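Here is what each chain is made of, one letter per residue.
There are 6 protein chains.
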Amino acid sequence: MTSVTRPSGRPVDALRTLRLTRDYTKHAEGSVLIECGDTKVICTASIEEKVPGFLKGKGQGWLTAEYGMLPRSTHSRMDREAAKGKQSGRTQEIQRLIGRSLRAAFDLEAFGERTLHLDCDVIQADGGTRTASITGAMVAAYDAFSKLKARGLIAEIPLKHFVAAISVGVYQGTPVLDLDYVEDSNCDTDMNVVMTESGHFIEVQGTAEGAAFDRAGMNRLLDLAQAGITDIVKMQKQALGIAE
Amino acid sequence: MTSVTRPSGRPVDALRTLRLTRDYTKHAEGSVLIECGDTKVICTASIEEKVPGFLKGKGQGWLTAEYGMLPRSTHSRMDREAAKGKQSGRTQEIQRLIGRSLRAAFDLEAFGERTLHLDCDVIQADGGTRTASITGAMVAAYDAFSKLKARGLIAEIPLKHFVAAISVGVYQGTPVLDLDYVEDSNCDTDMNVVMTESGHFIEVQGTAEGAAFDRAGMNRLLDLAQAGITDIVKMQKQALGIAE
Amino acid sequence: MTSVTRPSGRPVDALRTLRLTRDYTKHAEGSVLIECGDTKVICTASIEEKVPGFLKGKGQGWLTAEYGMLPRSTHSRMDREAAKGKQSGRTQEIQRLIGRSLRAAFDLEAFGERTLHLDCDVIQADGGTRTASITGAMVAAYDAFSKLKARGLIAEIPLKHFVAAISVGVYQGTPVLDLDYVEDSNCDTDMNVVMTESGHFIEVQGTAEGAAFDRAGMNRLLDLAQAGITDIVKMQKQALGIAE
Amino acid sequence: MTSVTRPSGRPVDALRTLRLTRDYTKHAEGSVLIECGDTKVICTASIEEKVPGFLKGKGQGWLTAEYGMLPRSTHSRMDREAAKGKQSGRTQEIQRLIGRSLRAAFDLEAFGERTLHLDCDVIQADGGTRTASITGAMVAAYDAFSKLKARGLIAEIPLKHFVAAISVGVYQGTPVLDLDYVEDSNCDTDMNVVMTESGHFIEVQGTAEGAAFDRAGMNRLLDLAQAGITDIVKMQKQALGIAE
Amino acid sequence: MTSVTRPSGRPVDALRTLRLTRDYTKHAEGSVLIECGDTKVICTASIEEKVPGFLKGKGQGWLTAEYGMLPRSTHSRMDREAAKGKQSGRTQEIQRLIGRSLRAAFDLEAFGERTLHLDCDVIQADGGTRTASITGAMVAAYDAFSKLKARGLIAEIPLKHFVAAISVGVYQGTPVLDLDYVEDSNCDTDMNVVMTESGHFIEVQGTAEGAAFDRAGMNRLLDLAQAGITDIVKMQKQALGIAE
Amino acid sequence: MTSVTRPSGRPVDALRTLRLTRDYTKHAEGSVLIECGDTKVICTASIEEKVPGFLKGKGQGWLTAEYGMLPRSTHSRMDREAAKGKQSGRTQEIQRLIGRSLRAAFDLEAFGERTLHLDCDVIQADGGTRTASITGAMVAAYDAFSKLKARGLIAEIPLKHFVAAISVGVYQGTPVLDLDYVEDSNCDTDMNVVMTESGHFIEVQGTAEGAAFDRAGMNRLLDLAQAGITDIVKMQKQALGIAE
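Chains as they are written, first to last, in the UniProt record's numbering: chain A, 1 to 244; chain B, 1 to 244; chain C, 1 to 244; chain D, 1 to 244; chain E, 1 to 244; chain F, 1 to 244.
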């Protein structure tokens, strides 16, 4: 552990305070407000009683995700994507990532011809919105499936394993966990990691924006992420009232 | 006053509980969460240090508004407008209404070549989202101008008068104030009224979706709206800590 | 009655000359050229033998409207919406208003699984194009239903009541009827009113662009509109050769 | 001359009745209603006091054209291009043709840094709308330049030569002039020809939709077109009150 | 034959070197690289086992074409149409021309409910890309139908006649065959001609960009095109190993 | 090394045959055809003498990338993105990856106010198109900068280090290098790695589409990628005639 001082004052391996508020809004089958420090995302899970055309009649379900940011969730106001008439490449990249991550968490063949829509909407951004979205959407999806089970529509929650996500990065030469916006915009490398509760990788997306990173740095980043995700999964289960 | 029983149980002339939470998010110059019963809208006011092309060099400001709904703010999930690639006619109609209403509240010539962007994003819908947006945006805009004044960029808040809005409607033959979703979807007439604190009309938009309404009904609706708006303006000022 | 002099020289309660030319073009089931002074709109009514998806199999009909302006119908040339790739918010607002107004005129359940498309295209604009569109579309729709009846496809014209529309406004402090472009661009308040032949309101859309208007002004505007619409409905019936 | 009987009853080399109504609408610098039999097109010419970016500062003008059809100008209603959000390939092809044809009629270097916008809007279609648009736009453009000259903004009308257009086609094996809709939809070959008053070709666009045509057929079609266009140019000049 | 010296040094009636490479890529049923001098186009023919909606159940096939240019196929880089979000008018005009031309080559009723998609993508442009596309697509389509026949899905190749295309133009007053980019950008008239192997016209599209051309010039251009196309059809058949 | 048999028959750590053809097309400053087995991508590098708005006047350059696939580069024909009117999320994700990777290869501050556009167009796809694009674009960009240097516009090629890319994956439980299409569509994990010539990471994008992978698998994948990229960089330099 080096002695770098992070802008946030946190130790290099410390997560920001994480809060998961379930039933945040009243209409969705699952609705979670996730707060990671000052990053706040509303994650809703909506059940639709049909599947996209390419799955019709196959007896299986589908899960898809969308992501958005309120125009003034950010430091300076961003243009509204609905008004511009298209989603940015960044937005599409993130919602594809959320979708793939959550499809790894559930057994799509085990909840009938239904679609689970996950909507992750950032109301306040301070770094790590995509990983917060994945972590929060996991809880919202679990709640939605619980509701389906409670209504007798499925026998079991089609869970394969919990997934959670976190960012890691190299700040002033030192690998650190869970970057906030100030750290993120000054770091050389940014990596988003999605893992299962058992420590397997679902997604690894690392980008060297400044100096490229070597294999040792890579290993240290993966260590930090793995430890962080282990803690986050515990908090997900706690929020859901599930014994480990 | 007739004896109709509203689904909400409220008297015909009763507003829903109204809550205004200032500084709801941290980046915007003004940020208000408005809750009218179960309707919840985040209203942010953002100052931009330039004006649209048609006003360049004229020494005056501009104020514009945008409106959106989170996909699962509603009973069943709506398609995301950013993903569809365009805003619906309803959305455009509403954001044009919000913009006109707030431009009536402030003196555009008195805050320099700046644009005030109002973003009204519905996170939970239960009827009356457009009037809640106007009422909340008024407070957010006031806060944003206060900040400009505090920074010494303007001498005075360019206020002409407070504006607020409310819906009225004819439910089972009886004019009622402040319809929630259940009442709204079963009423014959729906009217949105925007007024100044001194009881003048800014906007009146009435639509008979079922039976057309006669002049007496119109008068009763306007009475209800006027009384309601008087109360709402008091709550706006209270939230802002302004003596009447 | 005050002594304001209108740019048009008309008394405050005088309509412009109104002309309704039926069978203006040859393909449409109903085709009307409406001229209100120098405002000229082609209104066509087209019957399509199917309904939108959300009504399929319900045994009822649908009525929808679209609105457009030729690029040089206006004082200076406007961009063509088809070339820009989208309809403006104003256009969408107007065509939604026309659609709602005409759906109030006819019994949608009484003409089978058919869609009536109303197209209102402004070829020359001089104020009041949206109200002229409604008034003209009423006649075109009536003609189209007459044709359906003549072909034995429906037993009766599914008329609930005639509807017509007019604008009123406050010009130099005085409420006046049927504003032309010069009056409209200099008035403080503009209100569009849609009523049935029996004097009930379908739509009221009032906007204070300058000084807000008080309740007495509102009442005077509604008086003017009601008298104007009574006259217009007479002209619609006369054009159609219907005895009152 | 063979003895084929055309659906229209016209001799093979006969034009439909052609009417040119100038000053059809009041705002445009040039505004012409052209009627070729039952085909009716409003052609307006609008002067704008600037040129597109690629011509800025070059001291010359530009001329461009747009084309549209009212949704029910046709036998069955077409979708409105503004509502669909794009112009069809056919529309773009036609407006490019009109633009090229009229740019050949005028000297673009001789009317200053101005743009002439030609808008050709079909209000009733019965075949030959693109050639009618060119013929009518010629007259509208001439009128617009006359107005510029009358205002002293240009010394002379920057005319190179009159242009006009007509369609020819092979109907039941026989070349015929000026096809109406019924003839057009049953012919093997359709050719649109744009020529100058002195009999030179500006555009030739021939398509064999059925049987391909040989060189002799080609020659006969060009003969018919040339004779037709000579007559049409006379009518253009007559309408404009220009002695030949 | 006049003594004009073409930039290419070719005689006025000489084609550029033409090369047709079959099976250029491996997935398409037909795949041809056509090189006309420095113009290079990849033409693929893809069989799809269904037809567009308007042909469903009619027992016949359909043939359609699309055209594109790689952004740096041209002298200076063009914007990518996919990134701009729409195809230009020129692109649509060209792909409509290719489609019409090839639909004239084959009997659409004789290959079952299938669609043949022709994709013509320019990888290097030096004039004449649309005519090269037609000539190359003819060979690719023939190959695709051969494959269908070899698989026993159709009894015969549904050939009506070979089609090929070439451009002609007036360069410095002299009609010339097969213009390259330098010639094309300096010529007065440009004409694209599509003919059958028996010398009948499918399409003639001539445009006078500079001086209009008279009837004698037209005749000379058609002579040149006819001779050129006769040679090109020989090369198409040779490439396909078909005896004449 | 396990004994899994790859569909390609290659050893687990073997690259496909790689060919780099420079000057593949004639207009671009850099133009490379890269072939990785049956995957073929045209990579062009185009210099534009200006920068995007956000960099104007800062004295530095910009580098951006676009990616596309010909419609029939794939097993079954894909819709053309230009015709659909938008680029897919996958396309945008890939072109963002190419851009970031190449911006890491060059010193943007050292080539003046110019933009280098990289266009990667897949003409035949058999797996690994995004990594082939990066590897090929590196060579095309180098060539473009060489041309700038040869013209005396820059003093040195602004190279930071060579970058190259390769995919690795877990096929039937075994990590393998450089997946072709058949392997890719049957593998559990797919990882794209971009590295510098000195073995540092620029990008790592791993996705578990089937079973999640553990840390040991991750390490083995990174070993394979690193060895592959070392070989590829040699081939890039060889193609460019650069001594190591």
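Treat the hints loosely; a few may be bogus.
Put simply, identical chains are the same to the list, so a pair is met inside one copy or across any two.
Each computed DSBU-like pair below joins lysine-lysine, with the alpha-carbon atoms no more than 35 Å apart [claimed, not checked]: (1) K160 to K50; (2) K86 to K234; (3) K160 to K84; (4) K237 to K160.
Bear in mind the hints are in silico, worked out from the structure with no lab data behind them.
Remember, predicted model here, so these are calculated numbers, not experimental data.
So, against the hints stated earlier in the document, which numbers end up violated here? 2
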